[in-house]
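Undergrad: If you read the protein sequences in the order shown, they are chains Y and D.
Just so it is clear: in the first sequence, position 92 is 92 by my numbering, and no numbers are missing.
Heads up: take any position in the second sequence, counting from 1, add 252, and you land on my numbering.
Everything labelled a hint here was simulated from the structure, so no lab data went into it.
Keep in mind that a hint or two might mislead.
[What the hints assert, rightly or not] Simulated DEER-style distance windows between Cβ atoms:
hint, chain 1, residue 1, chain 2, residue 2, range
1, D, Glu332, Y, Asp186, 19 to 29 Å
2, D, Glu332, Y, Gly185, 23 to 33 Å
3, D, Thr310, Y, Tyr74, 38 to 48 Å
4, Y, Ala182, D, Leu257, 26 to 36 Å
5, D, Glu332, Y, Glu27, 29 to 39 Å
6, Y, Pro193, D, Thr328, 17 to 27 Å
7, Y, Ala219, D, Lys317, 36 to 46 Å
8, D, Lys317, Y, Thr152, 22 to 32 Å
9, Y, Gly185, D, Thr297, 54 to 64 Å
10, D, Glu345, Y, Glu231, 15 to 25 Å
11, D, Gly259, Y, Gln226, 36 to 46 Å
[To be verified] Covered stretches of chain Y, as calculated for chain D (at least 3 residues, CB under 8 Å):
hint, segment
12, 47-59
13, 134-140
14, 158-165
Computed from a predicted model, the values in this text were never measured in an experiment.
Don't be surprised by glycine CBs; every beta carbon is placed ideally from N, CA and C.
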Amino acid sequence: MITQPAVGGYALQLGDDALIMAQRLGEWVSYAPELEEDVALGNIALDLLGQARALLTYAGETEGRGRTEDDLAYLRDEREFTNLQIAELPRGDFAEEIARLLVFSAYQFELYQRLRGSRDEMLAAVAAKAVKEVAYHRDHATLWTLRLGDGTEESHRRMQAGLARVWPYLDEMFRTDPLAEALAGDGLAVDAPQLRPAWTEYVAAVLREAKLAWPGTPAVPGGGRQGLHTEHMGHLLAEMQYLARCHPGARW
Amino acid sequence: MKSGLAGIRAAVGQVPDPEIPVLTIADLGILRDVRLGADGGVQVTITPTYSGCPAMDTIAEDIVKTCARHGWPDVTVRRELSPAWTTDWMTDEGQRKLREFGIAPPARRGEAAGPVPVQLSVRCPRCGSPDTRELSRFGSTACKALYACTSCLEPFDYFKAL
């Protein structure tokens with residue numbers, strides 16, 4: 001039987017993906033190769049943060065323990081986060097970030113597009129809103145992939161290296177998660193493996209046009225959905241949660 | 253003096269957008285509903301432009317203050333995500349005000365638009381020239397892109413079609 005907390009657990013997974021990715025993208029502000037890109041990555045981070053807020057709020061409500069979006073973002077420990085590991089990888093060079101954004105936004109696009117039809121009204125509403133934003137993110141990453149891949153020898157080399165860096169985290173993205181699979185059977189969630197063909201078709205077309213090769217780097221074990229994270233996650237959380245934990249209830 | 257429902261509707265509709273103060277929340281189409289609840293309080297429904305729009309909190313506060321000024325201290329502001337906001341909900345009046353303010357208004361998307369709307373030409377809000385170029389797809393706020401006019405050389409914001 002599908003319970004409300006199960007739906008909340010699924011909302012938490014998607015919310016954690018968006019939250020952790022937003023945190024990483026936010027790190028680019030003042031570090032991007034040009035001012036316009038500071039603004040672009042900052043804006044994408046803001047969209048993702050907005051999605052995370054809606055999803056975490058919903059996760060807290062369905063859980064029924066009175067936890068707010070802030071409680072979930074700031075007061076959980078590493079093992080309680082259910083995001084995909086690709087979101088937590090540390091900031092590399094710009095090409096690596098574009099590779100991650102391409103892979104991640106193409107994944108979110110396929111996911112949200114299907115989740116719009118969820119029988120859960122809240123998940124459907126968040127997805128219908130988010131898919132329009134994610135379409136812009138994917139488009140932005142695509143344009144940069146083309147520019148770098150089909151640019152100079154150096155930009156091509158870096159873009160190819162960026163793809164190789166994020167490729168090991170793809171398998172985890174499309175792996176069956178027992179919670180999502182059970183909910184998908186009831187038309188509430190989307191089972192990740194079914195996203196892979198459409199995702200592959202899109203990304204393969206971009207790489208072809210950008211004259212980039214499909215990377216062959218082997219997959220890592222993953223496990224983010226079960227709370228298993230890379231060594232980078234603890235550092236990310238320390239920075240993200242520091243203020244809220246040192247000054248409980250602080251407000252602007 | 254306490255306003256009637258029509259009065260409070262009009263007053264709430266006049267709350268300005270904090271990022272683009274020439275536009276009201278009614279112009280933007282983000283004010284979805286104003287009604288009286290069973291408990292006699294005012295219930296206002298708004299919808300965000302973008303999921304992460306930081307103006308939503310300020311707008312909600314301004315709605316509460318506006319209602320209080322009109323004699324309605326008991327207000328609930330509800331945020332609704334569905335149906336998702338689209339720039340097509342911006343009124344013609346809103347489009348005109350934006351242009352006068354120096355921001356190119358969004359193209360009408362209609363029903364048949366794809367996931368990322370492609371616009372043939374964005375007209376310069378200053379000189380009206382269609383000869384403009386995109387500098388960045390992301391601008392000073394989530395809802396805008398940065399353009400420059402090739403005729404009068406002025407940079408300007410374009411309110412992205414969503």
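Undergrad: All hints, please: hold or fail.
TA: Evaluation of the provided hints:
Checked against the given bound of 19 to 29 Å, the beta carbons of Glu332 of chain D and Asp186 of chain Y, roughly 25 Å apart, stay inside it. For the pair Glu332 of chain D and Gly185 of chain Y, the supplied restraint of 23 to 33 Å holds, since their beta-carbon distance comes to about 29 Å. At about 23 Å, the beta-carbon gap between Thr310 of chain D and Tyr74 of chain Y misses the expected band of 38 to 48 Å. A hinted range of 26 to 36 Å is violated for the C-beta pair Ala182 of chain Y and Leu257 of chain D, which are about 47 Å apart.
A beta carbon spacing of about 32 Å between Glu332 of chain D and Glu27 of chain Y agrees with the range 29 to 39 Å that was offered as a hint. For Pro193 of chain Y paired with Thr328 of chain D, a C-beta distance near 42 Å fails the hint of 17 to 27 Å. Range check, Ala219 of chain Y to Lys317 of chain D: about 54 Å between beta-carbon atoms, so the 36 to 46 Å window is missed. A C-beta distance of roughly 55 Å is found between Lys317 of chain D and Thr152 of chain Y, which places it outside the suggested range of 22 to 32 Å.
Between Gly185 of chain Y and Thr297 of chain D the beta carbons are some 34 Å apart, a value that contradicts the proposed interval 54 to 64 Å. Separation of Glu345 of chain D from Glu231 of chain Y is about 55 Å and departs from the stated range, judged on CB atoms against 15 to 25 Å. Judged by the Cβ atoms, the range 36 to 46 Å given for Gly259 of chain D and Gln226 of chain Y is violated: they are separated by roughly 56 Å. Only residues whose beta carbon comes within less than 8 Å of a beta carbon in chain D count, and the segment 47-59 of chain Y has 7; three or more means the coverage holds.
Against chain D, the segment 134-140 of chain Y contributes 4 residues with a C-beta closer than 8 Å to a partner C-beta. That satisfies the three-residue criterion, and the hint holds. With 0 residues bearing a CB less than 8 Å from a CB of chain D, the segment 158-165 of chain Y misses the requirement of three and the coverage assertion fails.
Violated hints, in rising order: 3, 4, 6, 7, 8, 9, 10, 11, 14; the structure is consistent with all others.
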